[in-house]
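Peer 1: Protein chains in written order, with our numbering: chain A, -14 to 277; chain B, -14 to 277.
Keep in mind that a hint or two might mislead.
One copy or any two copies: either way a pair holds, since identical chains are not told apart in the list.
Stated by the list, open to error - Result set (DSSO-like, lysine-lysine): computed pairs, CA atoms no more than 30 Å apart in a straight line:
no. : residue 1 : residue 2
1   : LYS206    : LYS129
2   : LYS243    : LYS191
3   : LYS129    : LYS191
4   : LYS191    : LYS137
5   : LYS31     : LYS129
6   : LYS206    : LYS137
Quick caveat, the hints were computed from the structure, so don't treat them as lab data.
What follows is each chain in one-letter form.
There are 2 protein chains.
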Amino acid sequence: MFNRLCVIGVGLIGGSIARAARQHGLCDSIVGYGREQDRQNLQTAKQLGVIDDYTLELSKAVQGADCVVLATPVASIESIFALLKPLWSDSAIYTDVGSTKGSVIAAAERIFGFVPDNFVPAHPIAGAEQSGVTASVNDLFLNKRLIITPIKNTNPIAAQKIQRFWEQMGSLVSVMDVVHHDGVLAATSHLPHILAFALVDMLGHKDEQSEIFQYAAGGFKDFTRIASSDPTMWKDICAANKDEIIPLIEQLKGELDKIQRLLETNDTRQLFETFTYARNARQRFLDQFDNN
Amino acid sequence: MFNRLCVIGVGLIGGSIARAARQHGLCDSIVGYGREQDRQNLQTAKQLGVIDDYTLELSKAVQGADCVVLATPVASIESIFALLKPLWSDSAIYTDVGSTKGSVIAAAERIFGFVPDNFVPAHPIAGAEQSGVTASVNDLFLNKRLIITPIKNTNPIAAQKIQRFWEQMGSLVSVMDVVHHDGVLAATSHLPHILAFALVDMLGHKDEQSEIFQYAAGGFKDFTRIASSDPTMWKDICAANKDEIIPLIEQLKGELDKIQRLLETNDTRQLFETFTYARNARQRFLDQFDNN
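Chain A extracted, bound-state conformation:
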């Protein structure tokens, strides 16, 4: 499919793309790019055979590459675009993996004055708490959702090629409007992360006073798992998608107000109906999730 794949940022996601692309024969060679502080991770990536080679010079990294994957955290996308601008090739396809798409497109517009038509915004809904190339695996994207959010001037042939690229790595590809993507992910991913961080922040301070965590059980462990996610990555995602997230926080506070009122007025019938609706809604989610 591609001759030379350039992966900018060979971490969990970038490394797993390289592994899957190689496994499925989607490119002839893979080069990794990173900064000076990424050197050891890049060396590991090469030793593990995840990439064929790496360089700390972006011009060398993109030289001859017909596909360039931006797999850095969303907060550094703009500076990567700035570095790529003088090296931009019309014959290559560029894509990214950012969790928020509006912010990536806005970053491109700020750097280029427009969004290059050979840049295809994409987002694999897959991940893990661990990071770095040592956490990368061949099948991170297998049977996982991938969303492509093309904009008006996105080259449809480039978009189709990126779609096939992900499908061949085993992903279930959807094409979606940018704003819709950011709204859906704010609801199903960003808000839950904020809630988990908020709860554990609050209870952590209580625990310092009176050691409550020793009485927390397995349900608490699962509920708070996403509060162990990378704080750097998540502060950036939340900041990048705040326009979608803030109204959802408002809405959730309203939902908590509702439950508080039901408790205050002893309206156990309505409380039961709210909890029952939630349980049924989760079952609807599970039925879809497990059928993937």
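Given chain A, work out where chain B should sit, using these hints.
Peer 2: Chain B only, in chain A's frame:
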């Protein structure tokens, strides 16, 4: 330890107590009690060998029992006390498994005018989403916390015997003040359940509009697991412990206000610190949890 164990309510918890008591030789015989609508479950319990026999007549159930375990949902404890009152034996020990202890003690006071000194309030911090005797297992309480909340007039010999009973079933027993228990459980269990129900209630309605659940991932699955808990049981627990829960809901709304403000003011440094504190606090919890 006991001659005849009477289990009132042979569900997940009552059934697992019966299984563990038998496995560890803590009683000679076990009788189950339930209502007419529980007959099939009680038959199953007898067929499975969880109990030796059952009856729908409480007077027969408690006859000759030197230990009576109230393992019904917290909302029905008061009516069980009322039924037990004319049958109450000073030579038996009574105990319960309710998730909220203040409400159980208040129920006893309403029925008896005081809390009988041979009633030992207890709470095993263990459970599952499934219910009924078919979900019961031998080792539900193994290495799990059990909290005993004696009050002033609780007979210390009865309390010690219940402590040994649970220790022999493998539980890690703590003795705690009633109010402290209800505060700790509100924070580590009841509030997380309310949050999970609230989030899934809110997102379920969104999903009806625009099918967002198909893009939710594994993190969402874990985060919302407790929203699949039994709505009947949880509306009762929340209502029974609302005095502890409502201030925590208020506090959590304040925490969400804080994060919302950080997003609005682009204070990513403070956002990072909040998320990092939460991640470290969860690690502190995990270190304790995994060492149990």
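Peer 1: Against the structure, test the hints numbered earlier, and report the numbers of the ones violated in rising order.
Peer 2: Number 6 - this is the single hint that the structure violates.
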